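A.B. asks: Starting from the given sequences, assemble the full structure and let the hints guide the process.
First to last, the sequence lines map onto chains A and B.
Here my numbering runs 1 ahead of the position in the first sequence, where the first position is 1.
Here my numbering runs 16 ahead of the position in the second sequence, where the first position is 1.
The set of hints was computed from the structure by calculation and includes no laboratory data.
Take the hints with a grain of salt, since some may be wrong.
Here are a few chain A residues that sit away from chain B, every Cβ distance over 10 angstroms (derived from the structure) [said to hold, decoys possible]:
hint, residue
1, 70
2, 97
3, 232
4, 251
5, 355
6, 415
7, 424
Here are the computed lysine to any residue pairs in the SDA-like style, where the Cα-Cα straight-line distance is at most 25 angstroms [stated by the list, open to error]:
hint, chain 1, residue 1, chain 2, residue 2
8, A, 489, B, 146
9, A, 109, B, 165
10, A, 487, B, 498
11, B, 18, B, 447
12, A, 76, B, 452
13, A, 76, A, 109
14, A, 76, B, 429
15, A, 39, B, 24
16, B, 18, B, 125
17, A, 489, B, 498
18, A, 487, A, 39
19, A, 39, B, 147
20, A, 109, B, 24
21, A, 39, B, 68
22, B, 62, B, 49
23, A, 39, A, 60
24, A, 489, B, 429
25, A, 39, B, 106
26, B, 20, B, 165
27, A, 489, B, 132
28, A, 487, B, 147
29, A, 277, A, 263
30, A, 489, A, 469
31, A, 39, B, 449
32, A, 76, A, 27
33, A, 76, B, 60
34, A, 76, B, 42
Under 8 angstroms between C-beta atoms, here's a sample of chain A residues computed to sit facing chain B [stated by the list, open to error]:
hint, residue
35, 119
36, 133
37, 377
38, 440
39, 481
Just so we're clear, the structure is a prediction, and the values are computed from it rather than from any experiment.
Glycine is no exception: its CB is placed at the ideal position from the N, C-alpha and C atoms.
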Amino acid sequence: MPARYHIIVEPVADRFISPGPRIAIERDGCLGCLDCVKRQCIYDVFKLGGYSPEQLRDSADSLCRNCLWCVQQCKRVLFSRQTNPEFETMGDAYWRPRIIDAIWSQAKDGRVPVSGSGYTGPFTGPGFDQIWTDMSEIVRPTRDGIHGREYINASVDIGRRPSRLTFDRTGNLSCPDYPLVNMSLPIVINLLPFGAVGESLSEAIALAAKQLDILAVRLACELTEHGWPSDTAAHMVPYIRAGESLEPYAELLSQVRAVEIDDAVDLCERITRIKKISARSNGEPVVIVRLPLTPGIAERAVELTRADVEALHLYADYQGRELQSSAGGDSCPEVASPGDSRFVTDAVAEVHEALIRAGLRDTLSLIVSGGIALAEHVAKIIICGADVAGVDIPILLANQCRVCLNCRRGQPCPVRIDTVELDWSRQRIINLFGSWHAQIIEVLGAMGLREARRLRGESGRAMFFRDLERESFAPIFGRRLDEKEKAKSP
Amino acid sequence: MKAKEAPERFRNPIGRYIILRDPDLCTRCGTCMRTCPAGVFSVTDKLALRPRDWLCPGPCESGQFACVQACPAGAITVRANPLLNTLGDFRWPAELILDTWEMARSGRTPAADELRYNLGNSGGGFDRMRLRFPDKPAKKVDPAKVDLSIALNRRQHGQPLTIGVPYYGGGMSFGSVSSSTMISRARAFASLNSLVCTGEGGYPTVLYPYDHHVITQVATGLFGVSEETIQRVRMVEFKYAQGAKPGLGGHLLGDKVTASVARMREAVQGSALFSPFPFHSVYSVEDHKKHVDWILAINPDAVVSVKVSTPTDVDMVAVGSYYAGAHVIHLDGSYGGTGAAPDIAKKNIAMPIEYAIPKVHGFLRDEGVREKMTFIASGGIRSAHDIIKAIALGADGVVTGTADMMALGCIRCGACESGRGCARGIATTDDELAQQFDPEWGAQRIFNLFNAWNSQLRQILARFGLTSITELVGRTDLLTHLDYESSELAHDD
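C.D. replies: Below, the structure is given as structure tokens:
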């Protein structure tokens with residue numbers, strides 16, 4: 002058995018006080034009584050918290066657990082609380098305040114978010130919230146895996162596999178020996194769609210990718226211009242845009258294990274060329290083809306798979322929506338697709354199924370990015386057919402980004418992401434994925450699975466909102482109304 | 017026990033309004049006190065107390081706040097309480113919490129529209145279903161004569177066991193909740209002639225007086241399970257999984273393993289306790305039957321319940337439990353409560369109970385065993401309407417948990433697991449925090465809430481023209497779902 006994979010998390014303090022979901026109100030009129038509720042707070046919020054004149058914010062608001070003791074016990078009724086508009090207006094319709102807050106806390110302490118009381122959210126929601134994962138009542142003692150006795154393996158491979166082994170007359174393998182990259186998590190760090198990314202964050206990503214034993218996609222031109230920390234090349238995936246000449250990257254290509262390129266008319270020649278110039282001592286790199294997740298892309302995916310492509314990176318927009326066209330070849334779309342575009346789960350399932358029908362699914366790897374925000378999204382996108390999830394915005398959020406998009410408007414970043422300290426940033430990213438790893442293992446354990454690779458395309462291990470409604474409610478209530486009809490219903 | 021006032025235990029109860037009386041303008045004439053029907057004001061010629069604004073149910077019949085209108089000095093102002101925006105969540109909106117507290121305080125049904133204290137805001141499942149009352153019931157029924165009792169043993173073996181209400185108290189271990197909370201629940205459920213489950217944490221001696229109304233739980237950690245505890249009770253529950261964390265087992269954090277908890281569980285103080293998922297000795301229906309037989313060998317009179325979560329093959333699990341010889345199949349849906357669970361599990365793993373009920377009811381019926389099996393549902397039962405909906409979808413009864421906590425003053429802050437535990441003294445074993453209320457008050461609060469529910473259940477059944485809750489089982493024709501075609505039919509009626 003290989004050495005157990007373990008992510009070492011450690012608490013890393015915030016650089017900036019994050020806005021809390023609620024703000025405390027304290028009115029004048031304190032009589033200074035001896036049994037002041039401020040001293041009774043079991044979380045010591047009043048002792049530990051304090052107002053920062055630089056940041057114009059009180060850390061008590063994010064420390065408070067909302068038990069309402071002070072509100073309900075103060076003799077003079079001086080305390081109240083209200084919702085925090087600054088918190089509620091963070092992010093956008095997809096990167097909602099609760100998601101942002103959850104990522105912050107995981108990056109801060111690296112722990113699995115645990116709470117008491119039942120689930121507090123809506124019954125279901127758009128996108129990933131249409132899916133529940135399954136559990137098994139009696140099979141396999143995987144729960145022990147979480148605590149050490151039995152190992153749940155989250156590792157996956159990227160690369161091509163022959164559909165069967167072939168041998169020549171002398172008994173030697175005659176099928177091609179494709180390169181394969183193994184990663185300890187089913188996660189690739191994707192290009193960042195926005196963010197005032199400075200050198201320290203870039204380096205932090207490289208170091209974190211190495212420490213986590215995963216891959217990080219970076220613009221090839223940036224890698225050659227700014228370099229990368231020593232020993233991290235094997236975890237970098239340079240992305241070479243269509244039209245860029247390959248020759249300047251010869252040295253880089255000889256050091257990496259994988260490279261991403263755009264789909265193009267001369268794709269096959271480019272792949273051959275890459276394999277040729279990367280005279281790497283321990284094998285050629287896996288060439289991943291970056292494909293926009295657009296309607297009808299399944300056909301192209303099958304075509305490319307037939308043409309022996311080793312891996313595809315299907316990217317949706319940053320809110321997880323299918324792109325409308327591949328025109329322009331924007332490899333990292335900044336603008337959200339229209340709200341009625343298909344969600345990445347449905348679009349990926351179509352590609353996955355098309356590859357199955359063509360009998361090709363097991364021959365290559367699918368990386369899928371766009372809208373992956375929580376650990377559960379990694380599990381769910383894999384259930385829908387991906388091998389690996391590409392993660393982008395959570396990297397920024399781990400560095401306390403608020404998705405304010407000031408950077409896109411040329412305005413200064415409120416949390417100065419350009420000035421993060423290397424070690425701080427690296428550990429925050431490690432913490433985030435440490436928490437995700439533990440959560441992915443919880444979900445796999447509940448399903449009775451011991452390997453993340455076995456989850457791929459296992460839609461039978463999930464329950465979909467539309468199916469449950471049809472199976473359980475349609476026989477009782479008839480036809481479910483569509484959205485337009487629902488709008489008219491009370 | 018009878019319903020009687022059990023006031024809020026905090027100095028400043030939370031209300032819908034903030035009512036202020038300007039002491040500089042007030043002449044202490046007492047007009048407000050005479051005007052207000054809710055008893056908000058208390059004024060003598062010497063002293064005017066702070067308005068008890070939490071009692072204000074809203075504008076008076078005139079549509080105005082009569083106190084504001086009537087005050088000759090213009091000293092009274094009423095405004096919405098901004099705290100309400102921070103209270104509650106999709107499943108338990110602020111209005112539902114406040115009304116639940118009101119029922120726990122008074123024991124009576126609130127005067128508001130019944131949907132206010134019967135619905136969450138989750139946008140699916142129970143919250144989109146409505147009851148379809150006939151214009152005129154087929155039969156005239158006196159609500160007072162409606163029978164709410166259900167039988168838990170429908171099989172040939174074991175003693176008969178009937179409970180007075182179609183619900184019992186779900187498992188909460190000593191360790192996850194304080195002994196005041198445990199005793200409060202035991203007293204309340206005993207008064208209702210129902211049952212309450214110990215959870216997996218041993219059988220505290222404080223529960224001995226309630227043996228007749230206790231379900232003892234056998235879960236994967238087998239904490240505190242002994243032949244003696246199994247022989248004490250009329251019903252034993254096997255916990256295979258819990259809805260809030262299906263497939264993950266239990267986890268009592270080290271902080272909560274105090275000296276008394278450790279003694280009860282035969283464990284070491286301060287070290288975290290795992291109740292590992294699953295039962296490692298059970299891989300088949302035959303193994304499961306061995307488990308049930310083991311209990312019945314120790315206590316042949318026992319009624320055995322099997323608590324499972326809601327995976328996609330939940331129907332097979334249910335029928336398996338029948339063939340293993342269990343009396344009760346208890347499904348705990350994925351949105352159920354917990355003292356501590358990973359958020360990813362609470363939100364994502366297993367299906368909500370609303371889907372599982374019709375699926376299992378139908379499957380047991382098709383297998384021809386529905387009549388021999390008692391089918392209990394839980395995981396998000398918050399109100400009388402939820403009970404009606406669960407039973408109409410096909411369950412025989414339900415299990416409560418969170419609602420009991422709400423009656424004790426829970427505000428769903430979700431911090432049960434952190435540090436010393438619940439700041440409000442409910443889900444904690446911290447010596448100081450757990451002293452906040454006494455079981456007598458707690459029992460009254462829980463009883464009051466359920467007393468209000470019972471009168472609502474009786475009213476609803478009478479409006480349906482049903483004389484017993486058992487007639488409601490599987491009556492999906494009495495439900496409608498706002499997102500379905502049938503809701504249009506309902507409006508045409």
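A.B. asks: For the pair supplied as a hint, residue 76 of chain A and residue 60 of chain B, confirm whether the alpha-carbon distance does not exceed 25 angstroms.
C.D. replies: Roughly 21 angstroms between the alpha carbons, so the hint for residue 76 of chain A and residue 60 of chain B holds.
A.B. asks: Quick one, are residue 39 of chain A and residue 60 of chain A close enough, alpha carbons at most 25 angstroms?
C.D. replies: holds, 15 angstroms
A.B. asks: Regarding the pair residue 277 of chain A and residue 263 of chain A, is the alpha-carbon distance no greater than 25 angstroms?
C.D. replies: It holds: about 18 angstroms lies between the C-alpha atoms, which stays within 25 angstroms.
A.B. asks: Under the criterion that the straight-line Cα-Cα distance not exceed 25 angstroms, is the pair residue 109 of chain A, residue 24 of chain B satisfied?
C.D. replies: Given pair residue 109 of chain A, residue 24 of chain B is violated - Cα atoms ~38 angstroms apart, limit 25 angstroms.
A.B. asks: Quick one, are residue 489 of chain A and residue 498 of chain B close enough, alpha carbons at most 25 angstroms?
C.D. replies: Roughly 10 angstroms separates the two Cα atoms, so the pair holds.
A.B. asks: Would the least Cβ to Cβ distance between residue 232 of chain A and chain B come out above 10 angstroms?
C.D. replies: holds, 33 angstroms
A.B. asks: Take a quick look at whether residue 76 of chain A and residue 27 of chain A sit within 25 angstroms of each other, Cα to Cα.
C.D. replies: holds, 13 angstroms
A.B. asks: Can we keep the residue 119 of chain A interface hint, with Cβ of chain B closer than 8 angstroms?
C.D. replies: holds, 4 angstroms
A.B. asks: Checking one constraint from the list: CA of residue 76 of chain A to CA of residue 452 of chain B, max 25 angstroms. Satisfied?
C.D. replies: holds, 17 angstroms
A.B. asks: Decide if the proposed pair is consistent with the structure: residue 20 of chain B and residue 165 of chain B, CA atoms, cutoff 25 angstroms inclusive.
C.D. replies: Holds - the C-alpha atoms of residue 165 of chain B and residue 20 of chain B are around 23 angstroms apart, at most 25 angstroms.
A.B. asks: Since residue 251 of chain A was said not to touch the interface, does its Cβ keep a gap of more than 10 angstroms from each Cβ of chain B?
C.D. replies: Holds, because the least Cβ-Cβ distance between residue 251 of chain A and chain B comes to about 44 angstroms, which exceeds 10 angstroms.
A.B. asks: Holds or violated: are the alpha carbons of residue 487 of chain A and residue 39 of chain A at most 25 angstroms from each other?
C.D. replies: violated, 48 angstroms
Consistency with the previously given hints fails for numbers 1, 9, 11, 13, 18, 19, 20, 24 and 25, ordered from lowest to highest.
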